[in-house]
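J.: Single-letter residue listing:
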Amino acid sequence: MLDSRVPVGPLAEKWSKHKFNMKLVNPANKRKFTIIVVGTGLAGASAAASLAELGYNVKTFCYQDSPRRAHSIAAQGGINAAKNYQNDGDSVYRLFYDTIKGGDYRAREANVYRLAEVSVDIIDQCVAQGVPFAREYGGLLDNRSFGGAQVSRTFYARGQTGQQLLLGAYSALNRQIKKGKVESYTRHEMLDLVKIDGHARGIVTRDMVTGKIETHAGHAVLLCTGGYGNVFFLSTNAMGCNVTAAWRAHKRGAYFANPCYTQIHPTCIPVTGDHQSKLTLMSESLRNDGRVWVPKTVELSQKLQKGELKPSDIKEDDRDYFLERKYPSFGNLVPRDVASRNAKEVVDEGRGVGKTGVAVFLDFKDAIARLGEDLVRAKYGNLFDMYYQITDENPYKQPMRIYPAVHYTMGGVWVDYNLMTTVPGLYALGECNFSDHGANRLGASALMQGLSDGYFVIPYTVGDYLANLGSFAPVDASNPAFEETRLQVEQNVNKLLSMRGSKTVDDIHKKLGHIMWEYCGMARTAEGLTKAKGLIQDLKKEFWSDVCVLGENEELNMSLEKAGRVADFIELGELMVDDALNRNESCGGHFRLESQTEEGEAKRNDEEYAYVSAWEFKGENHAEQLHKEELVFENVKLTQRSYK
Amino acid sequence: MSGQMNLTLKVWRQKKENQKGQFVTYKANNISDDMSFLEMLDVVNEEITRKGEDPIYFDHDCREGICGMCSLVINGRPHGPKYGTTTCQLHMRSFHDGQTIVIEPWRAAAFPVLKDLAVDRTAFDRIQQAGGYVNVNTGGVPDANTIPIPKRIADEAFESATCIGCGACVAACKNASAMLFVSAKVSQFALLPQGQTERYERAQAMVDQMDAEGFGNCTNTGACEAECPVGIKLTNIARLNREYFTAKLFRQEDIHN
Amino acid sequence: MSKSKPILTSSLGRKLVMSLTGLFLCSFLVIHLIGNFQLFANDEGYAFNNYAYFMTHFAPIKVVSYLLYASIVIHAVYALILTIQNKKARPVQYNQYDGKSNSAWNSRNMGILGTVLLVFIATHMQNFWWKYHNDQVPYIEYTKDLNTGTITSRELSASEFTDYLVTTDNGQEVTKARDLYKQVDFTFQNVGLVILYVVAMFALAFHLIHGFQSAFQTVGFNHRRYIGIIRFIGVWVFGVLIPIGFAAMPLYFYFIK
Numbered sequence: 001m002l003d004s005r006v007p008v009g010p011l012a013e014k015w016s017k018h019k020f021n022m023k024l025v026n027p028a029n030k031r032k033f034t035i036i037v038v039g040t041g042l043a044g045a046s047a048a049a050s051l052a053e054l055g056y057n058v059k060t061f062c063y064q065d066s067p068r069r070a071h072s073i074a075a076q077g078g079i080n081a082a083k084n085y086q087n088d089g090d091s092v093y094r095l096f097y098d099t100i101k102g103g104d105y106r107a108r109e110a111n112v113y114r115l116a117e118v119s120v121d122i123i124d125q126c127v128a129q130g131v132p133f134a135r136e137y138g139g140l141l142d143n144r145s146f147g148g149a150q151v152s153r154t155f156y157a158r159g160q161t162g163q164q165l166l167l168g169a170y171s172a173l174n175r176q177i178k179k180g181k182v183e184s185y186t187r188h189e190m191l192d193l194v195k196i197d198g199h200a201r202g203i204v205t206r207d208m209v210t211g212k213i214e215t216h217a218g219h220a221v222l223l224c225t226g227g228y229g230n231v232f233f234l235s236t237n238a239m240g241c242n243v244t245a246a247w248r249a250h251k252r253g254a255y256f257a258n259p260c261y262t263q264i265h266p267t268c269i270p271v272t273g274d275h276q277s278k279l280t281l282m283s284e285s286l287r288n289d290g291r292v293w294v295p296k297t298v299e300l301s302q303k304l305q306k307g308e309l310k311p312s313d314i315k316e317d318d319r320d321y322f323l324e325r326k327y328p329s330f331g332n333l334v335p336r337d338v339a340s341r342n343a344k345e346v347v348d349e350g351r352g353v354g355k356t357g358v359a360v361f362l363d364f365k366d367a368i369a370r371l372g373e374d375l376v377r378a379k380y381g382n383l384f385d386m387y388y389q390i391t392d393e394n395p396y397k398q399p400m401r402i403y404p405a406v407h408y409t410m411g412g413v414w415v416d417y418n419l420m421t422t423v424p425g426l427y428a429l430g431e432c433n434f435s436d437h438g439a440n441r442l443g444a445s446a447l448m449q450g451l452s453d454g455y456f457v458i459p460y461t462v463g464d465y466l467a468n469l470g471s472f473a474p475v476d477a478s479n480p481a482f483e484e485t486r487l488q489v490e491q492n493v494n495k496l497l498s499m500r501g502s503k504t505v506d507d508i509h510k511k512l513g514h515i516m517w518e519y520c521g522m523a524r525t526a527e528g529l530t531k532a533k534g535l536i537q538d539l540k541k542e543f544w545s546d547v548c549v550l551g552e553n554e555e556l557n558m559s560l561e562k563a564g565r566v567a568d569f570i571e572l573g574e575l576m577v578d579d580a581l582n583r584n585e586s587c588g589g590h591f592r593l594e595s596q597t598e599e600g601e602a603k604r605n606d607e608e609y610a611y612v613s614a615w616e617f618k619g620e621n622h623a624e625q626l627h628k629e630e631l632v633f634e635n636v637k638l639t640q641r642s643y644k
Numbered sequence: 001m002s003g004q005m006n007l008t009l010k011v012w013r014q015k016k017e018n019q020k021g022q023f024v025t026y027k028a029n030n031i032s033d034d035m036s037f038l039e040m041l042d043v044v045n046e047e048i049t050r051k052g053e054d055p056i057y058f059d060h061d062c063r064e065g066i067c068g069m070c071s072l073v074i075n076g077r078p079h080g081p082k083y084g085t086t087t088c089q090l091h092m093r094s095f096h097d098g099q100t101i102v103i104e105p106w107r108a109a110a111f112p113v114l115k116d117l118a119v120d121r122t123a124f125d126r127i128q129q130a131g132g133y134v135n136v137n138t139g140g141v142p143d144a145n146t147i148p149i150p151k152r153i154a155d156e157a158f159e160s161a162t163c164i165g166c167g168a169c170v171a172a173c174k175n176a177s178a179m180l181f182v183s184a185k186v187s188q189f190a191l192l193p194q195g196q197t198e199r200y201e202r203a204q205a206m207v208d209q210m211d212a213e214g215f216g217n218c219t220n221t222g223a224c225e226a227e228c229p230v231g232i233k234l235t236n237i238a239r240l241n242r243e244y245f246t247a248k249l250f251r252q253e254d255i256h257n
Numbered sequence: 001m002s003k004s005k006p007i008l009t010s011s012l013g014r015k016l017v018m019s020l021t022g023l024f025l026c027s028f029l030v031i032h033l034i035g036n037f038q039l040f041a042n043d044e045g046y047a048f049n050n051y052a053y054f055m056t057h058f059a060p061i062k063v064v065s066y067l068l069y070a071s072i073v074i075h076a077v078y079a080l081i082l083t084i085q086n087k088k089a090r091p092v093q094y095n096q097y098d099g100k101s102n103s104a105w106n107s108r109n110m111g112i113l114g115t116v117l118l119v120f121i122a123t124h125m126q127n128f129w130w131k132y133h134n135d136q137v138p139y140i141e142y143t144k145d146l147n148t149g150t151i152t153s154r155e156l157s158a159s160e161f162t163d164y165l166v167t168t169d170n171g172q173e174v175t176k177a178r179d180l181y182k183q184v185d186f187t188f189q190n191v192g193l194v195i196l197y198v199v200a201m202f203a204l205a206f207h208l209i210h211g212f213q214s215a216f217q218t219v220g221f222n223h224r225r226y227i228g229i230i231r232f233i234g235v236w237v238f239g240v241l242i243p244i245g246f247a248a249m250p251l252y253f254y255f256i257k
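Chains as they are written, first to last, in the numbering used here: chain U, 1 to 644; chain R, 1 to 257; chain A, 1 to 257.
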C-alpha cells in the first residue's frame, strides 16, 4: 500500500498544520544545499525562483533555448483562484469541490484542497511581479466564468494568460540567475536520474549543442517536465514536449500513476493530412455561442466532403445539432470529454465534414444573427483570425470545422502529499505529477496547479526532506553512481546513433500515435487495448531494429533527440494501455465502452476503482507492477455526473 | 483550393558555430498549401533523412505562434512574406508553384549560428536577467486588488508584455538592433505601478547589457515593428529612450546588483 | 551598487547626440532659407549682401555659427561611429534582404544621403564661405536714395574697397560691401554645380523626411497626440518646402537671371 503522507486532521487545517510540523532548514544552512530543477515552465521556473530566494543553490535545465519558451506559454484561457472578488459565492471549499467533482472523484482530497487554498496567493504573487491581468475600468481585476463553472473565478490576460504567467515566473527566475543563486542550463536534456543509497542525488544531461553527456549533483531533484500528450504524435503540446525525464526517473524507481488519464479537448482545428505535425487548440469559450452540428445523413456528409455541397446548402431540417439534441439542458456546453466523445461518434458514423470527413461544424451563423458580426468579433476575433490564418476559411461566412485533440495528461509521476515521488529526494511538480486533477482537469486549473506547486508547496516540503537528511555535506560528485549512470546514458546514445534502418523516427512516432489514438483515445475497449499492446510491442521491436538515426553526438542532432524521446514514448504507450486495460470503468478522460450507462454516458465503478494506480517498473521487458493508493473521500459525496 | 506545388529551397547549412556554411539547394515536391512552412520543412527533412543525409536543423517548438522559438529569414524577411505572423503559423498557400525560397538564419553578431538555421539567442536572456523583473520574493505580497491599475494602463502594459522574444526585430533591423525587444519589457514595467520603484535602474541596466551583447544601434527605420509577429509598437522604443535619458540626466545613476 | 555606463558611451547616448545635432541643423536650415530668400529680391543684391555682412560679423551669430560647424562635424563623426558599430553587429550579411517590405529606402540609407550632403556642404562652403572670408568675391557699392528708396550700384575694384562701410550723406546712403550676390550669380552659371545643388536638395529632402521625425523618436517624443504634427512638419516642411526653396536658388540664377 502506498503512503500518501496526507496529514491527519480536518481538511481545512491539514496544510497549515503540516507546514508547522515540517522541519525547517536554518537560513545559514540553506546555501549548503543544491537543488536540481528539470524543466522551466510554470512549475519549474516558480519553484527554482522561490527556492533560490530562500537561499538554496539551484540549477535549472530546459531543452529549449530559453526558460521562457516552455509550453506553459501556450495556455490561453486563464487561471482559477478562489478570491471571490465577484461576490458570487465562490470559496476555497467550492473550488475544491468543483475540482474534485470535475476530476470525476479520482483525485486526492487533501491535495486538491491545498490547491484551492493557495490559489488565492498565486494571484497576489503574480500581480506583484507585474503580470498584466485583465482589469475592470475601476482598476480592479476582472474575472470570467470558464469551462462551464458557475462562478467567475478565472483571472486572465486576454487569450495569453499562460504566456504572461510564465513570463512572470521567468522574470523571478532571471532575478535569481542574476544574483548567482540559479545556474541556468538551456538546450540541455535530462537523460537519467542518479541515485545514491536509494535517494535521488543528481541527473545526467546531454548538452544538445555540444553533445556532452554531463552529470550534475544535488540534494534533491525536481521534475517539472510537463505532460506526455505527444505520445499521440498529434497533440496540442509543443513539438519538443516529451516524457523522457519522467520516464527515466520511472525506470529508476519512481512510480507512474494513472497514465491512461488523458484529456481530449473538443475545439481544435482538424487534421488536414499526413503532413500534420501538431494540432492547434482554440479556446473552448467558442462553445458559448457556437452551435455544433453535422448533417443528418451520411449522403449529405459525403457530398460536403467531396465539395459538391457547401455548408450553407444544408437545410436546417437536414442538420443534426447532436449536443443540443442529446443534452438539452447543457447543450453545446457539456464538459470537454462528453463533447469530444460525441464528435467522434458522429464522425465514426460517417457523418463528419471537411475534406477528410474527420471534423464537425461549429457554427456561428445564429450568434452573428443574434449579436451582430461586430459583437462576435469583439468576443472571439483573435480566435477567428487564428482559424482563418490556419485554414484559409472565413468563420464569419462559413462554419468552423473542429475536432478533438489530445491536450493534457492528468496522469504522471506518483507523488505523496509533499510532492515527493517514491524515490526519496525526487519530486514531481505541475503536469508532470498526477496529483490534483483526478481523471479530468477543469479549464484554467493547469496554470493554477503548476504555480501552486512551484511557489507555495515545494518551498516548504523540500525543506522538510533536507532538514531530515541530518547532514549538510555536499553531494559527493565522485561517487561511482554518477559515472556509472553517465556511461549507461552514453551507451544508450551510442546505441541509438548506430541505428541505420529504413524508418525515420517520425515514421515510428506517427505509427505509435495512430495506435494510441485508435485504441487508447476517446473510447477504449478491452479488445482494442489488448490489440494495441501487441501492436506497441511490435513497434518497439521495429524501432530497435529498423529506425534510422543520423549524424553524430557532438552536434545539434535532431534525429538523435527525437529518437531518444520516441523510444520512451513507446514504452510509456504500453503502460498507458496496461493502465487503461486494468481500469475497467469509465471516469473523466478515460472512457471504457464496456462501462457506460444505458444512455451511453461514462459509468464509474467506485467500489472497485476508487484508487490511484501507481505502476512500478520491474526491468526491461517485464510487466510493471501495479500498486494501489486507495482514495478516501471524507468530505464529498460521490455522485454520477449528468448533463441531460 | 488545395493545390500541390513543387518548390526549390536554398537553405543555409552550417555544421557548427565556428565552421563555414553555404547554401544548399533542395527540391520540395508535392507540397500541399494546407501545410505550415515548418511542416514543409519536415517533409523535406524526412526525404533528406531517407537519403541518409543530415536533416536541416531549425528551431521550433509550440507551432502555434507563442513560444518564439521559430526563427527563419524567408526570402529576405524574418518569419516570411506575411506580416504579423511567426514562421510556424505561415502556411504554404503564401507561396506559389515553382517558386524558389531562400531560407537563412537570423543574422546578428549577438546571435551566433549554432547549426544550420538555429541561432543562439541567450543574449536576450542576459538582457532580461539584467533587470527585466520586479524585485519581489515569493510570499508576503499585498492582496492583488490593493493596487488598482487603470484599465487603459493595464491594457497598454499588456500590449508591451506580449513580446514573444523571437528576435525577428533584430533579424529585420538593418543594424541588428535589439531596441524593440528591450523597450517592450522596459515599457511593461514603466507603465505598471509595480515597476516604479526600480524604473530608472532597470532602463539603464538593460540598455547596458544590450550594448554589451553587441547589438547595433536603433536608427528608427521601423523594420522591427513591421516584422514583429505580435505587433509590438515603436512607441515602446520612444518610451525606453525617455526612461533612459530621464535616468541619466535627471535621476540617480546607480544600478543595484 | 554599481555605476551604469556613461551616457555618451551608450548606444542611446550616441543616438541622442545625433538627434540633438540634427535638430539644431534643422533649425539652422529654416533661418538660412529665410535669409537667403533675399536673393530673390530685385535689388541687385543690396539686402542680401548687407545680410551676409551681418551674419558674419554680429558676435552672437558668430558664436552660433561655430556651434553649427561643430554640429556638422559631430553629427558626421557620430554617424560614422554608429555605422561602424552597426556593420559589426551583423558581420554576415543576408543573401536576400527584403528591406523594402518593412521600411522606407531613405530610413535605411541615411548614411549615403548624409555623405552626399557632406560633399555638398564642403563644396558649398568652398564656393561661398571660403571665398567670402578670403576676399575672393567681387566688391560693390550701393547708393540708396533714402527718399525714393531707389538703389543704384556699381562694381568696385579691389583697390577701391577697404572694408564694409555705410555712410549717409545728403539723403544718400552709400554702402560698400563684398558682393556675395554676384558670387552666387556667377557660381550658378556653372551647370555642373547647379546639378550638384539640386541633387543635394533631393538628398536633403529624403534625409530629413526620415531624420526629423526620427530625431524626435530618439529623444522620446512619440505620442499619438502630436506624432502626426511631427510627421507632417518632417515631411512637408523639411522634406518638401525647404529643399524646394533651396533648390529654387541655383535654378533661378541659371535659368532666369
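A portion of the hints provided could be inaccurate.
[Claimed, not checked] List time: in silico DSS-like cross-link candidates among lysine-lysine, alpha-carbon distance up to 27 Å:
(1) R/LYS82 <-> U/LYS503
(2) U/LYS397 <-> U/LYS296
(3) R/LYS51 <-> U/LYS503
(4) R/LYS51 <-> U/LYS510
(5) A/LYS5 <-> U/LYS178
(6) R/LYS233 <-> A/LYS144
(7) R/LYS151 <-> U/LYS541
(8) R/LYS15 <-> R/LYS27
(9) U/LYS179 <-> A/LYS5
(10) A/LYS3 <-> U/LYS181
(11) U/LYS495 <-> R/LYS15
(12) U/LYS179 <-> A/LYS3
(13) R/LYS82 <-> A/LYS100
(14) U/LYS379 <-> R/LYS151
(15) R/LYS20 <-> A/LYS87
(16) R/LYS20 <-> A/LYS88
(17) A/LYS87 <-> R/LYS10
(18) U/LYS510 <-> U/LYS355
(19) R/LYS233 <-> U/LYS379
(20) R/LYS16 <-> A/LYS87
Treat the hints as calculated values from the structure; they're not laboratory data.
J.: Does each hint hold? Answer for all of them.
T.: Quick rundown of the hints versus the structure:
1. R/LYS82 <-> U/LYS503: violated, 35 Å
2. U/LYS397 <-> U/LYS296: holds, 22 Å
3. R/LYS51 <-> U/LYS503: Since the Cα atoms of R/LYS51 and U/LYS503 sit roughly 11 Å apart, the hinted pair holds (cutoff 27 Å).
4. R/LYS51 <-> U/LYS510: Cα-Cα ~20 Å, so holds.
5. A/LYS5 <-> U/LYS178: holds, 18 Å
6. R/LYS233 <-> A/LYS144: violated, 61 Å
7. R/LYS151 <-> U/LYS541: Violated - the C-alpha atoms of U/LYS541 and R/LYS151 are around 59 Å apart, more than 27 Å.
8. R/LYS15 <-> R/LYS27: With a Cα-Cα distance of about 20 Å, the restraint between R/LYS15 and R/LYS27 holds, given a limit of 27 Å.
9. U/LYS179 <-> A/LYS5: Holds, at roughly 20 Å.
10. A/LYS3 <-> U/LYS181: holds, 22 Å
11. U/LYS495 <-> R/LYS15: The given pair, whose Cα atoms are some 22 Å apart, holds under the 27 Å limit.
12. U/LYS179 <-> A/LYS3: Holds: U/LYS179 and A/LYS3 sit about 17 Å apart, inside 27 Å.
13. R/LYS82 <-> A/LYS100: Holds, because 14 Å separates the two Cα atoms, which is no more than 27 Å.
14. U/LYS379 <-> R/LYS151: holds, 18 Å
15. R/LYS20 <-> A/LYS87: holds, 20 Å
16. R/LYS20 <-> A/LYS88: holds, 18 Å
17. A/LYS87 <-> R/LYS10: holds, 25 Å
18. U/LYS510 <-> U/LYS355: At roughly 21 Å apart (the allowed maximum being 27 Å), U/LYS355 and U/LYS510 satisfy the hint.
19. R/LYS233 <-> U/LYS379: holds, 23 Å
20. R/LYS16 <-> A/LYS87: Holds - the C-alpha atoms of A/LYS87 and R/LYS16 are around 23 Å apart, at most 27 Å.
Violated hints, in rising order: 1, 6 and 7; the structure is consistent with all others.
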